[in-house]
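Number of protein chains: 2
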Amino acid sequence: MSALRFETLHRDPSGFARRARMHLPHGTVETPVFMPVGTQATVKSMTPADLSEDIGAEIILGNTYHLMLRPGADLIERMGGLHRFMGWDRPILTDSGGFQVWSLGELRRIEEHGVRFRSHIDGAEVFLGPKESMEIQRKLGSDIVMAFDECTPYPATHEQAAESMEMSMRWAAECRQHLPVNERQALFGIVQGGMYADLRLQSLSAVNDIDIEGIAIGGLSVGEPKEEMMAMLDVLAPHLPADKPHYVMGVGTPDDLIEGIDRGIDMFDCVMPTRNARNGTLFTDDGKLNIKNSIYSDDERPIMADCDCYTCKHFSRAYLRHLYMAKEILSSRLNTLHNLHYYCALMRKARTALEGGNWPQFRDQFLQRYRGAQTLR
Amino acid sequence: MSALRFETLHRDPSGFARRARMHLPHGTVETPVFMPVGTQATVKSMTPADLSEDIGAEIILGNTYHLMLRPGADLIERMGGLHRFMGWDRPILTDSGGFQVWSLGELRRIEEHGVRFRSHIDGAEVFLGPKESMEIQRKLGSDIVMAFDECTPYPATHEQAAESMEMSMRWAAECRQHLPVNERQALFGIVQGGMYADLRLQSLSAVNDIDIEGIAIGGLSVGEPKEEMMAMLDVLAPHLPADKPHYVMGVGTPDDLIEGIDRGIDMFDCVMPTRNARNGTLFTDDGKLNIKNSIYSDDERPIMADCDCYTCKHFSRAYLRHLYMAKEILSSRLNTLHNLHYYCALMRKARTALEGGNWPQFRDQFLQRYRGAQTLR
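In order, the protein sequence lines correspond to chains A and B.
Be aware that the first sequence starts at 11, since it is given in my numbering, and climbs by one per residue.
Be aware that the second sequence starts at 11, since it is given in my numbering, and climbs by one per residue.
The following block holds chain A by itself, in its conformation from the complex (with noise of 0.2 Å):
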């Protein structure tokens, strides 16, 4: 039995947006879901319980190549699992490691099952390929297994991405011979093909023969301008299969996640919201916020009217600038607090929205609000 259960409770009749449910080992999550990355185990500056209890994440993300490196998976393990390790008793998707790896540039090359590279802590040398991936993602004991794959550069000619998608392709099929369907772990595939259609449908095609729990999209959000990463989920929407969960890598900005739901998307990941607010850069309705600007120096109003974070409830623009400006580590936990609280308020209302059959008002809303006011304050 698979360790996924999928459930589609309501569809905007007008388009692909939907609101789903899916029920994990550790617990169910609510879809659209936007998931807080926890790349070293933890979500930078959060505990377990700001994450649960304030910021309502339902599914975290880690990272297969950095916990690999340090403290190695086999400690984890030892420990009980990144679960019990990080204090996180909800579901873990993890990461294959093909993503980083493939981001270490010069410094990896690829061979015909996996890559070779130098870790950026000590130098040593290391080998991942699907099979060791898989061994790894196991040891960490994450609910969802994302499948080894390359990530196709941008830009890249046809067959330049023709050739990395079918390796990938090949890579998928071993994940699942390595992982087989099982209670404990679920297996997602990873569409990848570049910013060409055909490449893009075949990999969805490929990715379906095999028999994963999920599909993911990969290779998007790498340096392309937005209307090719929107082109390639047009082009998926109408064939991404119904009764599996459809997650976009590494996507985005909210904005983005309003217009991925709106292409059939039902699972998110981004660095943006903890990057950002470690550079005092906040999420709005009304776009973003550079805490840096003088302008708020003694501005008391919190970051955002209506928002009820612990940030926005007890503390003005002034602290929170004041902090910035003394370099101190509680500015980077407030901001950060905010900007994930954000970011899962926003997949609450777009799910009450599709709930409650007014989706394409609240999308179109929301994106005029944003965008209205983009230009960073």
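Hints are computed from structural coordinates only; laboratory data are not their basis.
Please read these numbers as outputs of a predicted model, since none were measured by experiment.
Do not rely on the hints blindly, as some may be mistaken.
Computed cross-link-like contacts, DSBU-like style, restricted to lysine-lysine with a CA-CA straight-line distance of at most 30 Å [stated by the list, open to error]:
{"no.": "1", "chain 1": "A", "residue 1": "K337", "chain 2": "A", "residue 2": "K302"}
{"no.": "2", "chain 1": "B", "residue 1": "K54", "chain 2": "A", "residue 2": "K302"}
{"no.": "3", "chain 1": "A", "residue 1": "K359", "chain 2": "A", "residue 2": "K302"}
{"no.": "4", "chain 1": "A", "residue 1": "K337", "chain 2": "B", "residue 2": "K337"}
{"no.": "5", "chain 1": "A", "residue 1": "K302", "chain 2": "B", "residue 2": "K337"}
{"no.": "6", "chain 1": "A", "residue 1": "K298", "chain 2": "A", "residue 2": "K323"}
{"no.": "7", "chain 1": "B", "residue 1": "K302", "chain 2": "A", "residue 2": "K149"}
{"no.": "8", "chain 1": "A", "residue 1": "K54", "chain 2": "B", "residue 2": "K337"}
{"no.": "9", "chain 1": "B", "residue 1": "K236", "chain 2": "B", "residue 2": "K54"}
{"no.": "10", "chain 1": "B", "residue 1": "K359", "chain 2": "B", "residue 2": "K54"}
{"no.": "11", "chain 1": "B", "residue 1": "K323", "chain 2": "A", "residue 2": "K149"}
{"no.": "12", "chain 1": "B", "residue 1": "K54", "chain 2": "A", "residue 2": "K54"}
{"no.": "13", "chain 1": "B", "residue 1": "K54", "chain 2": "A", "residue 2": "K298"}
{"no.": "14", "chain 1": "B", "residue 1": "K149", "chain 2": "A", "residue 2": "K337"}
{"no.": "15", "chain 1": "A", "residue 1": "K323", "chain 2": "B", "residue 2": "K323"}
{"no.": "16", "chain 1": "A", "residue 1": "K149", "chain 2": "B", "residue 2": "K337"}
{"no.": "17", "chain 1": "B", "residue 1": "K302", "chain 2": "B", "residue 2": "K323"}
{"no.": "18", "chain 1": "B", "residue 1": "K302", "chain 2": "A", "residue 2": "K54"}
{"no.": "19", "chain 1": "B", "residue 1": "K54", "chain 2": "A", "residue 2": "K337"}
{"no.": "20", "chain 1": "B", "residue 1": "K298", "chain 2": "B", "residue 2": "K236"}
{"no.": "21", "chain 1": "A", "residue 1": "K298", "chain 2": "A", "residue 2": "K337"}
{"no.": "22", "chain 1": "A", "residue 1": "K236", "chain 2": "A", "residue 2": "K302"}
With chain A's structure known, arrange chain B on it following the hints.
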């Protein structure tokens, strides 16, 4: 009417230790008490909710020197005072800025009415004396205001120590003139005199002659051997006024606090629990533990078995070591939470022992266990 009412609840019949209570404009403080240090309008990495709910802090300290330079006392006053600015509604004690200015060494010049120095932030010339310090602390709105003084260097000749102490006493009287007794802010005088018993007693007498609400002992923990510090507290203990709180500034280790209580001290502050936390040094009843140590890499135990802080209830030493090695923000946060909880819980245990009439046993047992295992692990 004074802003401070002091009640003594229990005394240890065998010595000077006592259990008391301070009533202040923002609430009641049970003593003996440890005050976490919130230098820049934040106790580093902690929210007010952490401090009040998990740590159980009843009063915190703010630093006049840092706040006057950034974000500035006028801005904090416009934002409704330090309590409102930082979202902390319990009592605050602010220091006078004297100690920080003294720490600038060559960068400051002492004059009859204060000290001229350059800001460590932008190099601007600033003047701070009794009048300015009272004005700034009035704007900050702290419950307890410290007199502006000079910290006598260690070592110092008798003549140097006498001159410095006499200037501090003139400044203390000036402070009272600039901040007359009022219902919003209590003023504490600071006993100086270096390591000379005669000067310390003269200084205590001079401070007592001013109509102040509390007695602080300054100029300790500045590099002298611990025996000298305790010798000075022994000299002062029989002469400290019974009807006023006694505060030893910038002290110290957990055993220093127990030794201080034994010498009639009610209040302590120190950056040690917060700073050590960020450096990976954690306090336990069995002495200090250095989380960097590789012996903890797969240690599933909490920092301290019988600690009920959030960190100890949820995370292993192995996880805390990983966070430290990976330079994660959460490392500073979880370590700070434990260390401050440890200090405040130690004060709660001391209060319980004093109430139960078994202070000497508690003191001896604690010191034996703590010092017996003192070696840093």
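Which hints, by number, does the structure contradict? Result: no hint breaks.
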